[in-house]
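Protein chains: 2
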Amino acid sequence: MKLAQKGLSIEGIQGHNRRAILAALHDMGECSRKEISVATGLDQATVTRAIAPLIDNGIVEEVGLVRGGRGRRSINLAFVGSGRYILCLRLQRRSFSIAAFNLRGDLLETNEFPIARDGSAKQTFKEISEILDRQIGNLKQVDGIGVAVPGPFLERDERVILMTESPQWQGFDLIPELRSRYPDIPVHSTHDAKAAALTEWRHHGRALGAKVMLYVSAGQGIGSALVVDGHVHRGAQGLAGELGHTSISVDGEQCKCGNRGCLELFTSRIALLRAIRERAGDVSGTTLTSDANFSQVLDAYAAEDRLASEEVHRVARYLAQGITNCINFVNPDLVVIGDEYAGFGQNFLEQIKTHVRATVLPSIYDAVDIELSQQSEDTVLRGAFLDVLAQTYLGSPRAEPEAVVAEASG
Amino acid sequence: MKLAQKGLSIEGIQGHNRRAILAALHDMGECSRKEISVATGLDQATVTRAIAPLIDNGIVEEVGLVRGGRGRRSINLAFVGSGRYILCLRLQRRSFSIAAFNLRGDLLETNEFPIARDGSAKQTFKEISEILDRQIGNLKQVDGIGVAVPGPFLERDERVILMTESPQWQGFDLIPELRSRYPDIPVHSTHDAKAAALTEWRHHGRALGAKVMLYVSAGQGIGSALVVDGHVHRGAQGLAGELGHTSISVDGEQCKCGNRGCLELFTSRIALLRAIRERAGDVSGTTLTSDANFSQVLDAYAAEDRLASEEVHRVARYLAQGITNCINFVNPDLVVIGDEYAGFGQNFLEQIKTHVRATVLPSIYDAVDIELSQQSEDTVLRGAFLDVLAQTYLGSPRAEPEAVVAEASG
DNA sequence: CACAGTTGATTGCAGGTCGCAAGCAAAACT
DNA sequence: AGTTTTGCTTGCGACCTGCAATCAACTGTG
Chain P
1 MKLAQKGLSI EGIQGHNRRA ILAALHDMGE CSRKEISVAT GLDQATVTRA IAPLIDNGIV
61 EEVGLVRGGR GRRSINLAFV GSGRYILCLR LQRRSFSIAA FNLRGDLLET NEFPIARDGS
121 AKQTFKEISE ILDRQIGNLK QVDGIGVAVP GPFLERDERV ILMTESPQWQ GFDLIPELRS
181 RYPDIPVHST HDAKAAALTE WRHHGRALGA KVMLYVSAGQ GIGSALVVDG HVHRGAQGLA
241 GELGHTSISV DGEQCKCGNR GCLELFTSRI ALLRAIRERA GDVSGTTLTS DANFSQVLDA
301 YAAEDRLASE EVHRVARYLA QGITNCINFV NPDLVVIGDE YAGFGQNFLE QIKTHVRATV
361 LPSIYDAVDI ELSQQSEDTV LRGAFLDVLA QTYLGSPRAE PEAVVAEASG
Chain C
1 MKLAQKGLSI EGIQGHNRRA ILAALHDMGE CSRKEISVAT GLDQATVTRA IAPLIDNGIV
61 EEVGLVRGGR GRRSINLAFV GSGRYILCLR LQRRSFSIAA FNLRGDLLET NEFPIARDGS
121 AKQTFKEISE ILDRQIGNLK QVDGIGVAVP GPFLERDERV ILMTESPQWQ GFDLIPELRS
181 RYPDIPVHST HDAKAAALTE WRHHGRALGA KVMLYVSAGQ GIGSALVVDG HVHRGAQGLA
241 GELGHTSISV DGEQCKCGNR GCLELFTSRI ALLRAIRERA GDVSGTTLTS DANFSQVLDA
301 YAAEDRLASE EVHRVARYLA QGITNCINFV NPDLVVIGDE YAGFGQNFLE QIKTHVRATV
361 LPSIYDAVDI ELSQQSEDTV LRGAFLDVLA QTYLGSPRAE PEAVVAEASG
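If you're matching them up, the sequences are chains P and C in order. For the first sequence, my numbering begins at 1 and goes up steadily by one. For the second sequence, my numbering begins at 1 and goes up steadily by one.
Rather than coming from a laboratory, the hints here were simulated on the basis of the structure. Treat the hints with care, since some could be wrong.
Cβ-Cβ distance ranges computed for the label pairs, FRET-style [what the hints assert, rightly or not]: (1) 310/P to 274/C: 53 to 59 Å; (2) 282/P to 172/C: 54 to 60 Å; (3) 63/P to 107/C: 58 to 64 Å; (4) 94/C to 303/P: 43 to 49 Å; (5) 287/P to 253/C: 47 to 53 Å; (6) 109/C to 10/P: 52 to 58 Å; (7) 30/C to 10/P: 50 to 56 Å; (8) 274/P to 107/C: 38 to 44 Å; (9) 56/P to 141/C: 37 to 43 Å; (10) 72/P to 30/C: 54 to 60 Å; (11) 72/C to 10/P: 24 to 30 Å; (12) 123/C to 310/P: 54 to 60 Å; (13) 279/P to 172/C: 50 to 56 Å.
The structure displayed is predicted, hence computed values, not measured ones. Backbone N, C-alpha and C fix where the C-beta goes; we use that ideal spot for every residue, glycine too.
Please build the complete structure, drawing on both the sequences and the hints.
And the structure:
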């Protein structure tokens, strides 16, 4: 049967509980056995017994005593800080980045490397794998490699489709190539917006108790990812989240994707720059010229330049329409706007919120937070890390074990 | 901690496995202990031992021997056919229906009752509860009541919002009222499109192995529901699926919901009828008049009436745009179109598919089936039944226990 | 027609995990 | 210094599962 639920053997229960314990440890960061016991509902004794082999195997370690309480000090636990690592690769259009994390999630090292514009995929792959080789040599024990890929990314087949900006990758199967080069290391792949969303959820949404979080990645492209109860919605082929190719205008301009009036045509960086460049000469009171680039627009917007304001606010309105559509369709309680456009700041956010408020029913609007991402350079890389960690140590492949309430038997 | 996963005690494991077994029995319908053993991965002995108390408690029964095989005949099991029942109420704008199901999912009785147009909610509630009282009296053991409600339905608060067609319900809290009238019977509520989607998934999508199914309820309103791995996506407030209030035209007409260019303004039954009525006098070669009703349009469309064809096909195009947006956003592998518009038949479907094919990337289009619902009168009621059954017997509240793979301990 | 062969259901047994409760450890308070 | 408090650990009993043997019921065959 297709979707039959597996029963749980007496042996499986131990693994199940071990995963629950590790997930709790990951959720809470550094914490004591007692805290894990409370969080999981398991007996303290059970936690003690489960932790022991994890310490033996060098997955978890004791990181010191906690002072302050009344009685005995509790011993804080954490994932090991050294000895086991996860490498992450982020592929972008013009560059790639490689980062090393320990199991705790500390970013140990990150480097960005340019991709030669005329270089072949094969050449780039060679550069990537040389760096990975070196890292693996240094770190000794690498438990997994996480890869974040841009654009419409067929996760199911692990192929990138429609990567118009970098046609050289077309036909080069990065993930299988990595797998065959590192047969002993699990290689996991994700779409970069999904990775960023996972990070955003872990470091922000989770604390807010968001059940459904929509992450909107707005910049060069318009992507999105939906996080439901801590799980990224991937879609049947892993292609979910192509918000940019959602139409807000049935009779609009034809897009390369086949659709008409795609959100991306209104709001992508290219669209924004084109509009600004076209009007630069005709508008008075602007510092922007007909060859303005994005960082100039960011600055101009911050300086309340007239042209920048008008065009960025136009983008805000369209983006808000896309967000409204999502809100009505999937009913999130948190919307986070990330990627380059997060740089436009609070004023930009307020524009979006104003438009969303105007187009969404009050009882829905009141229940959804809309925020800017506090993103950093490593948001996507960290998402790739979280993906690998979840699949390696917490829960079953791409799906954590969910809460199962212990109950008295009937 | 908010979302900590619960560990599983030695007692809990029995409950967990019992739910897995019941879920398997429900999935496969009538089947033997052996088949359940294979489906769940549990030992035959464990299945035997788990089934025994279920038979004692009158939840499962043996329904006869299966002949045909080589060796001993297997004994088929099924949920009991009598003795325990689930009542379902479907609330519509002008009527309500009440149905009785046995645990096996057989529809024992269903009745529809009109709602007086000028009647108060209180009056209607009185009628509803009188009928429920009678049913409960007859059936003796009622394990749950499932309620399916139309329109934007705040599941979290169990309130209907924006029920413009039937303002009398505004401010009347149906579900709490039912709960307090039947304190011993669990009352569960759902949005009707979600209920229909669940039925569609159980009776069709599951067999196709669909991982992400989009159900589009097109008729008086345009609703939708997303089923991911057999679970309905409800959204933070349970409001997910308002596809009808998704915009396909940023600068379009203002909708009552606050948004502009809502899909519903283009495609709802009201919109379709209005367009047809307006043009009825001016178009030659049509049998439709300026007071045509929906069933006349259905007939005219089937008879290839010119006006009906034009307008229905226009609707198809807009609906296709909405579906394309969904496909790009959530990447389903199955789209099912239900409710009244399913009555337009294959020709209508082909129109939609043509438009979707034109607007979606080929590698995505090729991976998604678009079909009409084979719906019947009881689709929604049955969905309410499935909802109650799942929450009562299979899995934890609103989330079935997922596959947990037994593994050798490390 | 009896007997081997096959397959499903049941039962006895051994292994293993968990919770409870008692015991141990290490701090603060008095 | 002794008591109290709190967290970690260990001993014990209960319980569930899997394995394997057994029972049950049917088919096929010489």
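Okay, the hints, checked on the actual structure:
Between residue 310/P and residue 274/C the CB atoms are about 37 Å apart, so this pair departs from the stated range of 53 to 59 Å. Between residue 282/P and residue 172/C, the C-beta spacing of about 58 Å keeps the proposed range 54 to 60 Å intact. Distance hint for residue 63/P and residue 107/C: a CB-CB separation of about 60 Å, consistent with the stated range 58 to 64 Å. With their beta carbons about 59 Å apart, residue 94/C and residue 303/P fall outside the hinted range of 43 to 49 Å.
Distance hint check: the CB atoms of residue 287/P and residue 253/C are about 39 Å apart, inconsistent with the given range 47 to 53 Å. The supplied range of 52 to 58 Å is broken by residue 109/C and residue 10/P, whose beta-carbon atoms lie about 44 Å from each other. For the pair residue 30/C and residue 10/P, the supplied restraint of 50 to 56 Å is violated, since their beta-carbon distance comes to about 29 Å. At roughly 59 Å, the beta-carbon separation of residue 274/P and residue 107/C lies outside the given 38 to 44 Å, and the hint is violated.
Residue 56/P and residue 141/C have their C-beta atoms about 53 Å apart, which leaves the hinted 37 to 43 Å range violated. At roughly 58 Å, the beta-carbon separation of residue 72/P and residue 30/C lies within the given 54 to 60 Å, and the hint holds. Here the CB-CB span from residue 72/C to residue 10/P is close to 28 Å, well matched to the stated 24 to 30 Å. Checked against the hint of 54 to 60 Å, the C-beta distance between residue 123/C and residue 310/P comes to roughly 56 Å, which is consistent with it.
Judged by the Cβ atoms, the range 50 to 56 Å given for residue 279/P and residue 172/C holds: they are separated by roughly 54 Å.
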